[in-house]
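Once you've looked at the hints, dock chain B against the given chain A.
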Amino acid sequence: MYGIVIREFVRFLRQRGRALSSVARPFVWLIFAGAGFAAVFVGRSAIDYRVYMAPGLLGMVVMFGSLLAALSTVIDRDAGVLRMMLVAPIRRGTVALGKTLGATLVGTTQAVVVAAILLPVVGLAPTPGGAFLALAAIVLTGLALGALGVVLAAGMRSIENFAGVMNFVVFPMLFLSGALYPVRHLGPVLHVLAHVNPLAYGVDLLKHALLTRWADAGYGGELPIALDCVALAIFAVAGLAAAGPMLAREGGVARAAFRERP
Amino acid sequence: MTAAAIDASGLGKDFGAVQALDRLDLEVREGEFFGFLGPNGAGKTTTVHLLATLLAPSRGSARVVGHDIRTDGLAVRRGIGLVFQETTLDRDLTIDENLRFAARLWNLDHHEATSRIDALLRQFGLEERRGDPVRTLSGGMRRAADIARGILHRPRLLFLDEPTAGLDPRARRSLWDLISNLRASSGLTVFLTTHYVEEAEPCDRVAVMDRGRLAALGTPTELKRAAGVGSLEEVFLARTGHQLAQTGPA
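These protein sequence lines map, in sequence, to chains A and B. Just so we're aligned, residue 3 is where the first sequence starts under this note's numbering, counting upward by one. Just so we're aligned, residue 14 is where the second sequence starts under this note's numbering, counting upward by one.
Only chain A is shown next, with the shape it has when bound in the complex (with noise of 0.2 angstroms):
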């Protein structure tokens, strides 16, 4: 498991252009995404929405960072390294860990990075117990999210449905996370489907490490910090239980080896 989580990572470092493109990612959103927000808010609130966007942000790393590298357990299938993995004497369950572990790993360390740069930049610096709660925030964003992204990816059969990810995954999940707005404002559907999402939880607990100045001006985390945890711990364990057979079942092996057929 130790070897799948250390690759996830090798692989990380080796693809340069994906390393700095994660980096850069949170800045091209929070100079454009928000300029944009910041005029439609300005002189309506008690906080500069820089500010108030740097915890989504954040969050925001975490998802792409974790939920890309757990998806690229597709990839593995298509180059066969899932099945080195399968053949190896260690459990389905254990590959699913040592994925998700990987990619929260990554995950992690890009959010880390981004933090170091980003928060000086908007003029945050957190309190020890800030900076210790908003990473264990982005570790448990990153674990929940890992385990989504194994779990995605082994019910895809190919990389062709990776953009119907994105769409139907990733941007509802970032909208409606309250990286961007608050989400108590969306209408009741919105909502709901607001709760069923792992991301909001994370960002949530990370407004409560990084905004308590702004928390009696409604900008603050809004849910018991405990719920956060407590929800962001259950999507990473459902999704681990359910990767494991998923792993397993016949895609790792079979479907390529009948589609390869002539």
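Treat the hints with care, since some could be wrong.
Said to hold, decoys possible - Label-pair distances were calculated between CB atoms; the ranges are:
{"#": "1", "chain 1": "B", "residue 1": "Arg148", "chain 2": "A", "residue 2": "Phe34", "range": "30 to 40 angstroms"}
{"#": "2", "chain 1": "A", "residue 1": "Pro190", "chain 2": "B", "residue 2": "Asp145", "range": "52 to 62 angstroms"}
{"#": "3", "chain 1": "B", "residue 1": "Gly179", "chain 2": "A", "residue 2": "Gln17", "range": "33 to 43 angstroms"}
Worth flagging that the hints you see were computed from the coordinates, not collected in a lab. Just so we're clear, the structure is a prediction, and the values are computed from it rather than from any experiment. For each residue, glycine too, the CB sits at the ideal point set by N, CA and C.
Leaving out everything else, chain B in the frame of chain A:
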């Protein structure tokens, strides 16, 4: 009296309505070089995947290296090596990193893994390329690295699933030299699937599969005599004749 490396009884697998493997009874002895011959779609790969516990059987069972494939998958996987039709190496990583990754998956001790990897790379002539990403290697080198990966953990039984597909004649030749050296030096049992008839000639025994059923089983000499023909190829054609159109080299 040697123990059986593989002992399958009534082993079968369906994919939906398709019967990939009917009911296979087969015994492969320890140390044997066993050829599993048949046209594409005869159930060769399915059989390998069942024996390697990558697929669950629809019926029947088998013991592989002394362990039940239904109940003791981990022990089976510990005792076998498997080289798939397509490479399982990570193209972005170097040969060295790929083998280290495999060593960790097989839970080899770090020092043991290092000396084993060094020895295999030397034996397989890959030493100079060990630091190169797999994507830059030739097909023959990748195959050799795949086999190194397959025997890294010193399995007692090695499955080779159409190992020469896509290799040029020279790479094929050196692959067979490699495998015969391995057999000579370690007494490894080799289970080879192929649709290239000439590759089955050096096997101790050969099974000819056809549409999920065992069509013939014996030493190459026995099979030729039984069919009253001069070459294994003719045995193959006689036993699997109706699928002739699909059996040309890939």
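Now for the hints, and whether the structure bears them out:
Distance hint for Arg148/B and Phe34/A: a CB-CB separation of about 36 angstroms, consistent with the stated range 30 to 40 angstroms. Between Pro190/A and Asp145/B the beta carbon distance is about 58 angstroms. The supplied range of 52 to 62 angstroms therefore holds. The given range of 33 to 43 angstroms is broken by Gly179/B and Gln17/A, whose C-beta atoms sit roughly 27 angstroms from each other.
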